[in-house]
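**Student:** In case you want the letters, here they are:
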Amino acid sequence: MLKFIIIYLFILIAAGIITTVIHKRKKTVKFLIPLISIAAGLLLVYTVMGFRSFQPESLKTGWSMPLADIEIALDSLSLFIMVPLLILTAATSIYGLQYFGTTPPGRMHWLNFSLLTAGMIMVLISRNVLLFMLSWEIMSFSSFLLVISNAEKDSIRRAGWIYLISAHLGTAFLFTAFFLLGKGAGYGSESFSFSYFSAQNLSAARANLILIFALAGFGLKAGFIPFHIWLPLAHPAAPSHVSALMSGIMIKMGIYGILRVLSFLSDQYTTWWAVMFITIGAASGIIGIMFAIGQHDIKRLLAYSSVENIGIIMLGIGLGILGVSTGHPMISTFGFAGALLHILNHALFKGLLFLGAGAVIRQNGTGEIDTLGGLLKKMPLTGTLFLAASIAISGLPLFNGFISEIFIYAGAITGVLIDGGAVLPLISALIVMSLALIGGLAAACFAKVFGVIFQGSPRMSRIKPNGDVPALMRGGMLFVAAFLLITGLFSFLLVPLLEGPLLIMTAGESAGHMAPLFELSKSLSRILPFILGIIILFTIAGSLRRRKRGIRPSETWGCGYTRPEPSMQYTASSFTEPITEQFSTLTASRRKREGGTELFPVKPWIFSSNSNDWFLSGIFIRLAKVLDKLLSLLRWFQCGKAGIYVLYITAAVIILFIWKFII
Amino acid sequence: MILPELIISLNVMIFITGVIIPLGIEKPLNMLKLPLISSIAAMLLSAVYFFCLHNSDPVLFFGGNFIIDKLAFYHIMIVNIVFLAAGIYMQEYFAKSMETDEHTAFHYRRFSMLWQGFQLMLIIVILSNNIGLSWVAMEATTILSAFLIISESDSLSLEAMWKYLLICSVGIGLAFIGTILVAAGGINTFSELYIHAEELNPKLILFAFIFIAVGYGTKAGLSPMHSWLPDAHSQAPTPVSAVFSGVMLNAALFIIMRYLPIVERAGGGSGEAHSILLLTGFLSLLFAAVFIPIQTDLKRLLAYCSVEHVGIIAIGIGLGGLGTTAALLHCLNHSLSKMLAFFASGSVIHEYGTRDMRKITGLMKRMPMWGTAFMVSMLALMGVAPFSIFISEFLIVKTAFTGGQYLLFGLFMLGTLAIFISMLKFTLEIAFKQGKPGKLTGRVGIADKAIIIISVAVLLLFGLWLPPDFFGFLEQAAQIIEGGLI
Amino acid sequence: MQHNLLILISLLIILSNLFLLGSSRTRAMLRGIAAQGVLLSILPFLFPMHKSGLVSIIVPAVLSITIKAILIPYFLHRVIQRVNTENALNPYIGYPVSVIIGLLISYGSFLFIEKLPFSYLSISPFTTSAAFASILIGMLIISTRRNVIAQIIGYLVFENAGFILGISISSTMPLFIEIGIMLDLLAGIFIMVVAVSRIHILFDSVGTQKLERLNK
Amino acid sequence: MIINICLSIAAALVLSPLLGGIINKTKAFYAGRKGSPVLQLYFDLFKLFRKESVISTSATFIFQAAPAIIFTSTLAATIFVPFIPGLPAPSFTCDFILLFYLLGLSRFFLIISALDTGSSFEGMGASREAFFSALAEPVTFVTILTMLRLGGGTSIQAAFRGLSSESWIIIILTAVPFFIVMLAENARIPFDDPNTHLELTMIHEVMLLDNSGANLALMEWAASIKLWLFSLIIVKILLPAEILTPAAYTGLTILAVPAVAVITGTVESVMARASLLKVPQLLFSAGIIAFLGFFLSLNQFLGW
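So the sequence lines, in the order shown, correspond to chains A, B, C and D.
The first sequence begins at 1 in this note's numbering and counts up by one.
The second sequence begins at 1 in this note's numbering and counts up by one.
The third sequence begins at 1 in this note's numbering and counts up by one.
The fourth sequence begins at 1 in this note's numbering and counts up by one.
So here's chain A without its partners, still in its complex pose (with noise of 0.2 Å):
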């Protein structure tokens, strides 16, 4: 299997690199475009069939550079990962193809496109640090030019440049956990080699330490609280296909490296790990799904409601670390295997929402949702996608976010009626709760996005929707779709993908657990589908009612207005007060409005919420005031006369002098 990936990375690569080279001949793009998408399905269906059969595979060969040798593998986890990774690969690929329209992008995009593609692969299967690493850049690198493609803007500027930092920063982060681990093995090649880094004994206190660097570094990129600066702000900017790669899959990389050094340390799982991840898996949940309800800018708000749904993997991670300290493994059988499935389903749902977005945003202009309404007319197909991912992104039943967090829930039932000590029942109702609160505000939030976008009518009279998308971008979108209704209907296909990297994360102990999933999906897989089958029943009974009764269109009811206007409708800021006024002091919102204060208004006044992200502001750019203020009491140094220029280098002496002799 690892040859296929090797020869499909290849593909991508060449891919990449002609379209650059021969970027003015429209034709051929659009014929190598699709091999990417063709290709990455091959080699999904391929992985996919051979899942059930599959063992690791790895080589090693000699690299020139030093310390490093080319190490690959390819282990169940790195395999399931790469699931979504095709999935997406394949939808964005072909949906990219006509996102653009008659503005081509730029000559490097879709070199970008590949590399970042290539880049996420090569970081699943590299085994070497400097691999690794060099993978991880090339990834960060590659999605940050593709935030910057239209950098003209000085909000996309700044968008990647906060990106680029933050991606920086992460591998700094990084750069001090993989030194960390490979310590033990001073400068030798072996101090860079995962395999090496599986074998060895820790002591706590570095693999506390180790923990603590790796959640910084891949926390940057995975955009949990508060590393998610850079998520609301690139986000929006990337091509909306860009978009569902890197939030659908991209930012996983994170979750997939955290994932990673866990299993390095898997015999080292205490209680207060899985607390903190605990901790910041609800922070992440509660306050990127409040701060997503406040925003107005639709891919902005997905963005957010990535870092959310992070949040809900890490709570799984969490609870799989605590089974495992507690010793009890079917609740990190269910954790994990939550974990892990909200990284596919997350995907999935989220690369479709991101698709709709940009489908809406292509067609409309613009993606504030405020000015958008009924879009669900003119882009019947987009419009009931989009349904379907904001019901799967609720967690709703039917479809596939549901299974992962109701794996999360069993997980953590299962730790509430564990009896002796008050830990761990408490951990784990804190879980279900903020699990129970993420779900309701998410589907709050969905259901504003849903409703106000694709339903009533223009708020805006400007806006004008062109009809659907072309149609490869509806079968991108389709795609995903499929999988969506598959995973959430069937899971206990999903299921047996899962075993391989369980027994990774929990040191083997998920071994004689799985018996629990393989119930509970199969029962829902029983209970589900009929469920559907009567809801579309009644559907199609109610609608054959209406045909043969007929139906009486008539306007709204306007409630006693005579002139009823699109301008009245319920707005997403309107929709969401309740909520953002309730919790203004966690979201920072802000009440702002334009216009006079006389009881008769002239001109028409305007009122607008906007909730601020103080983690940037409030910590980040606090930081960096900090050392820069620091940094600044130097610069009297470079004063320009030269006389004092040469008391530096007397000075210099002298210093070096006392050090070295007097002290």
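Since the hints were made in silico from the structure, they are not lab data.
Incorrect hints may have been included.
What the hints assert, rightly or not - Pairwise CB distance ranges (calculated):
#1 D:Phe43 to A:Pro529: 34 to 42 Å
#2 D:Lys47 to A:Ile606: 43 to 51 Å
#3 A:Ile658 to C:Arg27: 34 to 42 Å
#4 A:Pro566 to D:Lys47: 32 to 40 Å
#5 D:Gly32 to A:Ile486: 54 to 62 Å
#6 A:Asn610 to D:Phe43: 24 to 32 Å
#7 D:Gln281 to A:Pro529: 25 to 33 Å
#8 A:Pro470 to D:Val14: 49 to 57 Å
Said to hold, decoys possible - For lysine-lysine, the following DSBU-like pairs were computed, each having C-alpha atoms within a straight-line distance of at most 30 Å:
#9 B:Lys425 to B:Lys365
#10 A:Lys660 to A:Lys641
#11 B:Lys96 to B:Lys203
#12 A:Lys629 to B:Lys96
#13 B:Lys436 to A:Lys153
#14 A:Lys26 to B:Lys433
#15 B:Lys433 to C:Lys216
#16 A:Lys24 to B:Lys365
#17 B:Lys365 to A:Lys153
#18 A:Lys629 to B:Lys425
#19 A:Lys464 to A:Lys641
#20 B:Lys33 to B:Lys96
Said to hold, decoys possible - Covered stretches of chain C (chain A as the covering partner; in silico rule of three or more C-beta atoms under 8 Å from a C-beta of chain A):
#21 143 to 149
#22 207 to 214
Here a beta-carbon is modelled for each residue, glycine too, at the ideal position from N, C-alpha and C.
Assemble chains B, C and D onto chain A, guided by the hints.
**Tutor:** Coordinates of chains B, C and D only, in the frame set by chain A:
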């Protein structure tokens, strides 16, 4: 073995001829061809060195006053590459500026002569085995290059030149005292000194090394002696800046590298000399981080960036072991990317008519080729993967960490991050901010294109795949600094 | 005899340094530095044990007298004449204080030499300490005088220190290198002088105040 | 199992409209009025099913499909709460999550169907519904968790085993918040006033403004099924099946569910609708009570 003598004599002859010929030429453009021709010749000669000597032990010649070993060859290679590229670049550069400036033939004649003299002296610095000769040649580089700075004769460049001259002279003067102190024992070649190092007085040698490190460190741009550097690099004409940053700093560091094994061996491997380099290297990084965020002048920014990278090289050497190898690799990486960055900024400055970064916007649209070169070189300088600087910095921090230098590691990360933040901001603004509409009028010549493509390719290649023998070669060269193979 | 001569010359060098610190005019400084050049050219004769043969004594002596005592002062003289209008030094530190600091430095360097843990340098502690004092005094002049000509003279003092040190503790350099060193110095000063005249042309001043624009 | 599912569904379909009638009768009793007949809702449904539907021109197919979806998923939720004990019921780990998430699904469609017409009144109702239910959800789950701990199992059947005399305080601390949640989820006073239309305080009723005919009937019916479901859960929590024979238990349930409705009616009669700003506070307090109950259910604390 007569070969090395022959080659070095030929090399000297080439440059002397090169210096003399401009006296007989009238047309400025032809005068500027000479540096190019002599660089090509020097390049070919160094290729000959390589084929004849790359497997042999260090070769001493001219009574032991000169030496060719792997370390020297590596640096000669950097010198020749950068000078060759600068020679190519200057053709277009001066052709463009001739349209606007009213420089006389005298001016170009002087430039051509000084330039070649400068190159010759740098080569002698590197090939010299005699500590006195190293000093003489180094001082000569200062003298010869001073007037290269003020080719664009305005008040700021004069100021920069004055500071360069005064401060570097003082620095080199200190190095002279250090040199004399080292030679007090009666031995005056690096190779002999290394052999007899254990008989030397370790305290005296360390005392001398303080002078040497500060002295040559001044020329190399190590903090706190770097104060001349931003002025000179920013005010000089672009080819000169490129050569300053790409070669001269390395050459000064090279002499320190030569002294290092001697000092350490005399001191019984106590690491005193290394710690001096670590301190100054760290200070360089610090001062770069202090001043980069407030720059407005594009070339000044690059100059401070040189301070940073010299600091990184010094840190690498100061760490020893793998760090030395990484530092050597960093020398080449930095030279290439800085050279490219200066070339790009030179063209940009010419096109926009200003060096104020706030006024240079929309570069990618206006000058796609140079814009790409600028972007790539800046990103490489910031240490973004997959460019080769990432690899060398990675190895250096790895060495620092594994060696237990956690504080240094942390400060290194913090410093580079601070630099990264502001450099990235500048780069993005310059490259992408909405600029004046319309594409450029001037085109990029084929030679310049070649420079851009080759440098970018090498930076990228070395980031992903170091040629197998190359790293081994570097390790052997590093062995010389580590003490071993002189 | 030789020993006493060494002491005398060292003292004279220190005195000339103090004179340089105390003088308020570039012309006066020029005289001081020329005198120092003459003193230096005597030194090679006092260290015959370092030399192998008459040539290696005479060449440095001749070189130093021509370069340090004649050529360089001549260049400086020319440039001082050209910038006649501006002779003042505008020091950061006043002349009396400078002299006192110079005295302290000289005294300190004696102590310093005594304390140094290596004996080579103590062959003639007076000259060596005079050399180290000259280093610092040269730096002091460069740092505190706001006049480029004074800065050049400061640099010369500093260079002379190197020469003294070279003569007194080691003379194992091949002759061609010694010549190179001298030529470098000459060329360096020449370039500086040219630079000064340019500065004067451009700024109509040789004060350093106008040379402080590149400052961040 | 099929029989039990069918029985649960049938009971919910048939008996649920009764509750609304009982509540209204209770309120009438307190107000000293005669009030509408107990079976009024049956009549309403019957009438509405025969009427034609008027549908807004700005509505989409969601608006037309929503009643069916809402009705189905609410009904599907009832199968996890078997009406007759002793018979096998669909039960698996975390089935109550599915139960409440099915209600969530129906709520989601209720909200988007309200938004579909573009009416600002319906939007307002939708907004409140979304917010309050998000706050109610964690409270619900904590109460269930407490019951699960007492019952010692992971499916909702275990929660129905929980009552024992020594833990009565926990039962109270669970039943009270669950009752509050029930009021909130079913849009009763003090969260919402089901008797008024077109007031700014409306939540549930206002979302149905543009529905008519069969659509409205389905919506109303679904709402009463939901009320039925919650009441049934309360009854089941308070009345453990083990201590009675199945027949007696069924009989008792049939009596007890209307009793819950009577209590609801009493609450509605003695309280006024709370200010909207108070609603989150009310739910928070319920949450705190529920969490207290959960806390006590941890064994150590029971040992006191």
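**Student:** Look at each hint and say if it fits the structure.
**Tutor:** A quick look at each hint next to the structure:
1. D:Phe43 to A:Pro529: 34 to 42 Å: 36 Å, holds
2. D:Lys47 to A:Ile606: 43 to 51 Å: Given a distance of about 45 Å, which is inside 43 to 51 Å, the answer is holds.
3. A:Ile658 to C:Arg27: 34 to 42 Å: About 38 Å separates the Cβ atoms of isoleucine 658 of chain A and arginine 27 of chain C, which means 34 to 42 Å holds.
4. A:Pro566 to D:Lys47: 32 to 40 Å: For lysine 47 of chain D against proline 566 of chain A, whose Cβ atoms are near 34 Å apart, the range 32 to 40 Å holds.
5. D:Gly32 to A:Ile486: 54 to 62 Å: Check passed, 59 Å falls within 54 to 62 Å.
6. A:Asn610 to D:Phe43: 24 to 32 Å: 50 Å, violated
7. D:Gln281 to A:Pro529: 25 to 33 Å: 42 Å, violated
8. A:Pro470 to D:Val14: 49 to 57 Å: With Cβ atoms ~51 Å apart, the hint holds.
9. B:Lys425 to B:Lys365: 18 Å, holds
10. A:Lys660 to A:Lys641: Between lysine 660 of chain A and lysine 641 of chain A the Cα gap is close to 29 Å, so the pair holds against 30 Å.
11. B:Lys96 to B:Lys203: Measuring from Cα to Cα gives roughly 55 Å; hence the hint is violated.
12. A:Lys629 to B:Lys96: 42 Å, violated
13. B:Lys436 to A:Lys153: Within the cut-off at roughly 14 Å; holds.
14. A:Lys26 to B:Lys433: Within the cut-off at roughly 28 Å; holds.
15. B:Lys433 to C:Lys216: 25 Å, holds
16. A:Lys24 to B:Lys365: Distance of about 17 Å is within 30 Å: holds.
17. B:Lys365 to A:Lys153: The hint holds at about 14 Å.
18. A:Lys629 to B:Lys425: Between lysine 629 of chain A and lysine 425 of chain B the Cα gap is close to 18 Å, so the pair holds against 30 Å.
19. A:Lys464 to A:Lys641: 64 Å, violated
20. B:Lys33 to B:Lys96: With a Cα-Cα distance of about 15 Å, the restraint between lysine 33 of chain B and lysine 96 of chain B holds, given a limit of 30 Å.
21. 143 to 149: Since 4 is at least three, the answer is holds.
22. 207 to 214: holds (count 5)
Of the numbered hints listed earlier, those contradicted by the structure are 6, 7, 11, 12, 19.
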